[in-house]
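With my numbering as the guide, the letters of the sequence shown map in order to residues 11 to 143.
Worth flagging that the hints you see were computed from the coordinates, not collected in a lab. C-beta atoms are modelled at their ideal positions from N, C-alpha and C, and glycine is treated no differently. Among the hints, erroneous ones may be present.
[Unchecked claim] Distance windows between CB atoms, simulated:
1. Thr61 <-> Ser23: 16 to 22 Å
2. Val78 <-> Gly107: 17 to 23 Å
3. Ser57 <-> Leu82: 18 to 24 Å
4. Arg93 <-> Pro64: 19 to 25 Å
5. Thr22 <-> Ala71: 27 to 33 Å
6. Met11 <-> Glu58: 23 to 29 Å
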Amino acid sequence: MQITFGIDLRRTSPLNPDVPVPEVVPIIVQGINVYQPASFIPGPTSSEWTTVAPVTYDLSAFVSSSGVPLNLSQEARIGFWIRTSGPSALPSGTAYGVGVDNVTITIIPAPTTGVLMGVAVLGMPRVTGRRRR
């Protein structure tokens with residue numbers, strides 16, 4: 011199975027060379043475990059809305075720090091978080107904002123083998139916030 015993320019992003023804080031560029035981290039939450047892939051989606055570098063081309067991951071790429079494997083027969087929540095990375099943390103007193111809009115999350119089932127297979131329900135994306143106008 012695969013999962014595809016599409017998203018529109020923009021920076022809502024002033025561009026500052028001392029602030030690392032954020033990354034969009036796709037996550038799957040199942041029980042108390044949070045699963046994420048090894049590679050992330052590059053974040054916004056501009057205050058203009060930018061569509062991030064859909065990024066597709068195999069569900070097998072999602073791992074948790076606890077080592078518990080993702081169970082496709084249990085419900086899970088799918089989403090993302092925004093994080094900054096780089097050689098330094100955010101400078102003290104620096105505000106950082108990212109605008110998020112038009113989130114699409116698509117589950118692509120594995121090809122069937124001619125046998126009727128069960129459907130794994132992975133939950134619905136939960137996005138909170140205001141829509142841009």
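Okay, the hints, checked on the actual structure:
no.	hint	in the structure
1	Thr61 <-> Ser23: 16 to 22 Å	20 Å, holds
2	Val78 <-> Gly107: 17 to 23 Å	34 Å, violated
3	Ser57 <-> Leu82: 18 to 24 Å	39 Å, violated
4	Arg93 <-> Pro64: 19 to 25 Å	20 Å, holds
5	Thr22 <-> Ala71: 27 to 33 Å	30 Å, holds
6	Met11 <-> Glu58: 23 to 29 Å	34 Å, violated
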